[in-house]
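*Asks:* The hints should help you fit chain C with the ligand onto chain P, whose structure is shown.
Residue numbers (my numbering), protein chains in the order written: chain P, 156 to 555; chain C, 2 to 148.
No wet-lab data here; the hints were simulated from the structure.
Keep in mind that the hints are not guaranteed to be accurate.
What the hints assert, rightly or not - Residues from chain P shown here face chain C by an in silico Cβ test under 8 Å; the list is partial:
#1 Thr216
#2 Gly300
#3 Leu307
#4 His327
Every residue, glycine too, gets a C-beta built ideally from N, C-alpha and C.
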Amino acid sequence: MTEYAEKRAVISGAGQSDVGRRLHRDPLDLTLDACVAAIDDAGLTTADIDGIATYPGPMDTPPGFSGSGVVDVQDALRLNLNWYTGGLDLPGQLGSVIDACLAVACDLATHVLCFRSVYEGSAQGEGGRAAVMPGGGGRGSFRAGSFMQWVLPFAAPSAATWIAMFAQRHFHEFGTTEEQLAQIALNARRNAGLNPKAIYRDPMTMDDYLAARMISTPLRLYDCDVPCDGGTAVIVSRADTVADLRKPPIQVEAVGTAIHGRPSWDQFDDLTTMACRDAGAQLWTRTDLKPSDVQLAEMYDGFSFITMAWLEAMGFCGRGESGPFVEGGQRIALDGELPLNTNGGQLSAGRLHGYGFLHEACVQLWGEAGDRQVPGGPEVGVAAAGGGPLAGVLLLTQRR
Amino acid sequence: MSDHEVPFRILPRVIDLNRHFWTGGEDGELRFLRCQDDGTYVHPPSPRCPNCLGKNVSPEDVSGRATVVTYSINHQQWMPGPEVPYVVAIVEIVEQEGVRLTTNIVNCDVHAVRIGMPVRVVFEEHADGDERVWIPLFEPMKTDGEQ
Ligand SMILES: [Zn+2]
Chain P
156 MTEYAEKRAV ISGAGQSDVG RRLHRDPLDL TLDACVAAID DAGLTTADID
206 GIATYPGPMD TPPGFSGSGV VDVQDALRLN LNWYTGGLDL PGQLGSVIDA
256 CLAVACDLAT HVLCFRSVYE GSAQGEGGRA AVMPGGGGRG SFRAGSFMQW
306 VLPFAAPSAA TWIAMFAQRH FHEFGTTEEQ LAQIALNARR NAGLNPKAIY
356 RDPMTMDDYL AARMISTPLR LYDCDVPCDG GTAVIVSRAD TVADLRKPPI
406 QVEAVGTAIH GRPSWDQFDD LTTMACRDAG AQLWTRTDLK PSDVQLAEMY
456 DGFSFITMAW LEAMGFCGRG ESGPFVEGGQ RIALDGELPL NTNGGQLSAG
506 RLHGYGFLHE ACVQLWGEAG DRQVPGGPEV GVAAAGGGPL AGVLLLTQRR
Chain C
2 MSDHEVPFRI LPRVIDLNRH FWTGGEDGEL RFLRCQDDGT YVHPPSPRCP
52 NCLGKNVSPE DVSGRATVVT YSINHQQWMP GPEVPYVVAI VEIVEQEGVR
102 LTTNIVNCDV HAVRIGMPVR VVFEEHADGD ERVWIPLFEP MKTDGEQ
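Okay, chain P solo, but in the shape it has when bound (with noise of 0.2 Å):
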């Protein structure tokens, strides 16, 4: 097979900051704590590092959605780079992460810090998700351009209606039940009990899930994220510098970032799956490793219904069967044959925005994740991130 570059790239270390519903601290410093708490676990120095990545880069609006950008990382940490990279039009959140690979592989950079923060919780105050819609809720003078021109002014602004559209739709071609869709919720809700970070750790049944406010049919509040403060980071180094490492690094096994349909979340080609069926089968043709041999899967849950995309997406499912692979929970239980959304996800542990994932799936390969560790030690993981049009996925592999 091919040597593609991914596979000169490893993840070094790994870090975040405090993570809370409403932490009211500046972005930067929630910021900072991720990326130094990186790159000590590498066992390296701000010296050593000479590239970042983050996504989506600065950004003002919507409120709390970008807490530092490139440049107020670098100079805060007095930085000297050889390569750099901040922005959203990107293949996911963890499409910054990908980049950072390919940066390190054509020896571009040798330690990338990657980043991101978020500090939604406090931005949006008492005034809830209103608080930091798209146009300021309406306020103002404000008229929707680009794709917004086609959404808002059907008071659909949220990502909840666009996805709880795509659900539907899954719904309806292959019968896939809300008791199905719930496990997702139910899972991470599960997982979260275990994770000291997470920020709803409160056992929930399926009677608790049924009971809770429609959002969007067929999605209820527990099948939304939680706004939340905090940064996460991780370094990616290049593999031959494992010698100046603190623990063994993990290998970037293979990556998917490819959109083979329309870029929209309205006039994608199949209304039932998204970027992901693009970017998962890609993945699969980068490396031998195939579904089966994958122990762990931490995949987007910004809603669940995306997560349910992810698992077909990534071949651990047929097209359609998400919904009977999920039931009853058992197979994605930290015990199960394919345990998911390990610490929560963003359903309960918090809107981290992608890089939790990425954490998540690297503190497991470690062996680090407490009364949480998938048992048996393993050694092959997946993180991915990203919904409708958005799509970005690694593989990484931990051999001991």
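*Replies:* Same frame as chain P, now just chain C with the ligand:
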């Protein structure tokens, strides 16, 4: 629509490229750019036909008939707007597969909406300063005997 108060809506930023779409309602017509060389409807509007890459695209009326591809009954009041619950749907125009609009299904019970349901356009007029725009919403096709 006349028996309902027109709800607040965030309005689109009308530019040359999309004006036909947002103002067609003045004539009661749903309009899309269409390639005059190969007949491809182009949506969202683009200066070039995605099929032949030609620039010979201009607005044309369509029938206003469409099919519900998927929908959601939205219960959350995200911002000032229609009274909840309301239906957000993706509809596909009958003229060309894959040309879709996100819209609201109106003038029917929210629980009556189904995937595959035939619908037709109705326009909601909004003043925007000195300009006006017409938001294309959809209602169920009336069966024989009704109205
Ligand atoms: Zn053409």
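*Asks:* In ascending order, which of the hints set out earlier in this document are inconsistent with the structure?
*Replies:* Violated hint (a single one): 1; every other hint is consistent with the structure.
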